[in-house]
Every structure is written in structure tokens, then in C-alpha cells.
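Protein chains in written order, with my numbering: chain D, 1 to 90; chain G, 91 to 544.
Keep in mind the hints are simulated off the structure, nothing from the lab.
Remember, predicted model here, so these are calculated numbers, not experimental data.
Virtual Cβ for every residue (Gly too), placed ideally from N, Cα, C.
Check each hint, because a few of them may be wrong.
[Unchecked claim] Just so you have them, the derived chain D footprint on chain G, three or more residues with Cβ under 8 Å:
hint	region
1	98-104
2	147-160
3	335-348
[Stated by the list, open to error] One side of the interface only, derived from the structure: several residues of chain G facing chain D at Cβ under 10 Å:
hint	residue
4	I92
5	N93
6	E352
7	V411
8	M412
9	A413
10	S415
11	V417
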Amino acid sequence: MKKTIITVVGKDTVGIIAKVCTYLAENKVNILDISQTIVDDYFNMMMIADMSKAVKSVSEVSDDLDKLGEEIGVIIKCQREEIFNSMHRL
Amino acid sequence: MININEVLETNKMIEKENLDVRTITLGISLLDCIDSDLDRLNEKIYNKITTVAKDLVATGEAIEKEFGIPIVNKRISVTPIALIGGSACKTSKDFVTIAKTLDRARKDVGVNFLGGYSALVSKGMTEADELLLRSIPQALAQTELVCSSANLGSTKTGIDMDAVRLMGDIIKETAELTKDNDSIGCSKLVVFCNAPDDNPFMAGAFHGITEADAIINVGVSGPGVVKNALERVRGENFEVLCETIKKTAFKVTRVGQLVAQEASKRLGIPFGIVDLSLAPTPAIGDSVADILCEIGLEYAGAPGTTAALALLNDQVKKGGVMASSYVGGLSGAFIPVSEDQGMIDAVNAGALTLEKLEAMTCVCSVGLDMIAIPGDTKPTTIAGIIADELAIGMVNQKTTAVRIIPVIGKTVGDSAEFGGLLGYAPIMPVNKYSCDAFVNRGGRIPAPIHSFKN
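Next comes chain D alone, as it looks inside the complex (with noise of 0.2 Å):
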């Protein structure tokens, strides 16, 4: 498993999840779990990837993911999932 966290964040708007999903489906990144919330009116959302079959690396779907977020006007991210526990996990 090559777990990675890709989180949203911006202004809700319609097909959001859809256009992420889609381009995750299309490099074969498989998600096994999907959050969201809104802090400050702003629309929040957090999913868990595997990678490990991916197409693409990790950088590069990072690389993607920004490009992607320019169009619908919101912030992607995509960060391996390793910082978030070495951070809040002991």
C-alpha cells in the first residue's frame, strides 16, 4: 500500500469531487476513504489514496492535481501520507 492524502480546499462548488475522482480513476489511484467538512465557509475535503498502482508518481499526480485545481478554482494537494502520521502519531 502507497498511501497518499489529497485534500481540497476551497469554495464549494458543483462536481468538485466528481472531477477529482474521475482523474484518480483514470491514473488507477484507488481511494479507500473520503472526508469532508467546512471551515470558515470554506468547503474542506480529505481523501485517502492508494497508489501502489498507480500510472503516475507521486509528484507527477501532485503536479496534475494542482493543474486541476486551477480550473475549478480550488487548492489540491497531494502529499504522501507519512508526514500526517509521523506528525500525529507517536
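Given the coordinates of chain D, assemble chain G onto it according to the supplied hints.
Here is chain G on its own, set in the frame of chain D:
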């Protein structure tokens, strides 16, 4: 499994509170480059650095992208050059050729600073040490991003006052040679007492002779993260305050540890240490002085500053030590003036003086750092300031340092511009009374006694 709030907390630290890994510093031993022929020595040094460090920048950038954490600097430290050039260099000019080689190698591998144009003279100087020290002004003027340092004292050896006096002259000469740029050469030169062998931070980084052939050291930072965490506990007692700093330092350091291990794995170079530091930058919200204000001071420098800094420094270490398997370097809060907007404001308000900064260095890392003083300050006065600061380190068994900039052509009321991470600094007044007779005595201050602690 990680939850959304934890993810958002981490990303907020990175995006809004300037959390970053301040530097990945690759320490490289040049001991195996030693040669009696100067040309061959330079060639070997160039080849070793460009071979060992060839993937450093690319690896750093890849880690940055995959983890989403900025790694601000990728740097190199090398074995103190006085040791490496001792056999080949017959004059100070010979040493300068090595500085140029280091700068060329640095440029070719794409790192932004290289440290280790250094001499370790805590007890005495060899001929090579003295040649290197005397070459520093030219070396710093003729290279772009090579950093120089000298260890002039230690708790075990005392202080080499001959070297201290010499460094007063060297700093002044370095300032003169770079006077067109507000004497910026001095920002690349630091003198130490008890210099650590594994410091990843510039300008004092060098690869100590106790170290392995190559090693990865990482410096973390995050004053903004601590400041923001403390905003949430305003008015609470010291227990709550200290716990908050500790927990925050733990989180910040864990990121450094992760990056260090990852870099070590990818480069195939052993992991050395994480330096647990609060290193400010001139960016707003990235200030150690702001933390002191958040703890409860109107300005850094107000009464209570030394105590506030002492507790801050101690909690950062307590939180950080558990987060990393190996801790080293300078570890603590840095209090440079020019690189910290809060410190600059405190100086401009008249709240912070050179003397108070000296007192603050008793309880934190590292020392008098990035302080601009009048350009007409005498070399002996600079040596006196150095001697005071080193004495604090010697007696208290800690690292202390001086990176002071006599800005030629400027005086109190003026300001020096260094640019980038180095920031700008108001010129601070220096005590006008002479210490000539003290500094000119020559010889050494003996090592202090380690009993009868009072």
C-alpha cells in the same frame, strides 16, 4: 487512520504559519583529499563535493513535492579547510584558491551555501590555521556563497585570546572589502566557543573531524507555528504555556526527522542529527521575537525577556528530543537581529540593546547573531565583544557565537540592507569605552574550573 482535522492542522502550519524544514545540510569529509600539491588538492576537493552531493538538490526537491513540505535550503558543510589545506597552502592566497574551488563546486551542484572555510583554534593556532584566518577577508570577498567560521574557545581548553584579537582585525577587514554591499562579507563569518561538529546551519556549519565520510543533518524551524499555538493559550499559566510549546516543538521536529530519514535513504548517506531550532526569517509571522511578545512581553528586550527565552528554549528541546532519534547541532532558539522582524522592531523601539542580547545568549542558542554595528568600531572592541560572548559559552558549557557586522560608512541611526534570508538591520550602538589593554595582552584564558558552581 489519520483524520481530516489532523491533515488540516498540518497543512495550516505549512501554508499559514511558515512551517518548513529550514535546511538539509550534507556534511562531506575532505580528509581524503589532502595533498601537498595545491592544484591536485583543489581538483580532488571539487571532484569529491560534486560527486557526493550531485543528487542533493534534486532529492530535496523531490521530498518537498511528495510530502508537501518546503525545504528552504539545501546546503553543504565540509571539513575545516585549515586542516585540509595545511600541507599545500604556503600563503593566505593559496587558501583563497580553495575557497574559490568550494564556491565553484557549490554552484555546480546547485546548493545555496557551503560552510567549512574554517579553523579550529580553541587552544592555539598552527601556521596553516593562521594563514587561513588571515585569508578570510579575501576569501569571502572573492566568493559568493562560501561561509567561514572559527572555533576560538571551549569549556575544556579555555579561550585563545590571540585568535580572538586576530578575528577582531579579520572581521573589520572583511567589512572593508565588502563595504559596497553594507559589509555583507561579515554575514558569512562566525566565531564560536564550543562549536558543534554537526551543525547544519550557516554561517557556522562545518563537517567536524569526528564525523563519518558523509552525513545528512537537518535543521527544522517553525517560530510561526509556536506563535500561533501560543495565541490559543493567552492568559493561561506557565504550565499550560510550556506544555503547548513542547507539543508544538514535537510536531515540528517529527517532520524534520521524517525528511532527514527520507533524504538519508534516497541519497544512501547516513542520517546524522536533527537540529531542533526555532530559526526565524525576515518574513512576517516567522519571528522568535514575536513568540516572546506572545509569551507576554511588549517588545523583545523588555524585563522578563531572558526568562521567557530560557523557558522557550528549554521547552523546544524537551518537545523535540523525543521526536527525533538523534539530536545535535545548535538546537535551540536563534535570536538574530536582521533576520527577525520582531527583533528589528524591538531595536528600533529602543527596547533591545547589545547588552540585553548578550544576556539572552546565556540561555539560548547561539549568540550575538547578525548584529550591525557602526563601521568605525575598533577591531579591539570587536575582539572584546567576542571575548565576552565566548566567555559565556566557556563557563556555561554551551555553544556561543558572534556574527557581527561593522557596517563601513554607517553609524547609529542608519540601517544595513543584506537582502533575502539575511534581512536588514538597524545599526546598534556599541559601548564606547576601550578594552585595548585587555585584548592586547595576548595568550590564552585558561579553562574554567568545573566545581564550586555558583
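Hints and how they fare:
no., hint, result
1, 98-104, "holds (count 4)"
2, 147-160, "holds (count 6)"
3, 335-348, "holds (count 5)"
4, I92, "holds (5 Å)"
5, N93, "holds (7 Å)"
6, E352, "holds (8 Å)"
7, V411, "violated (14 Å)"
8, M412, "holds (9 Å)"
9, A413, "holds (8 Å)"
10, S415, "violated (12 Å)"
11, V417, "violated (16 Å)"
Comparing the model with each numbered hint stated earlier shows that hints 7, 10 and 11 do not hold.
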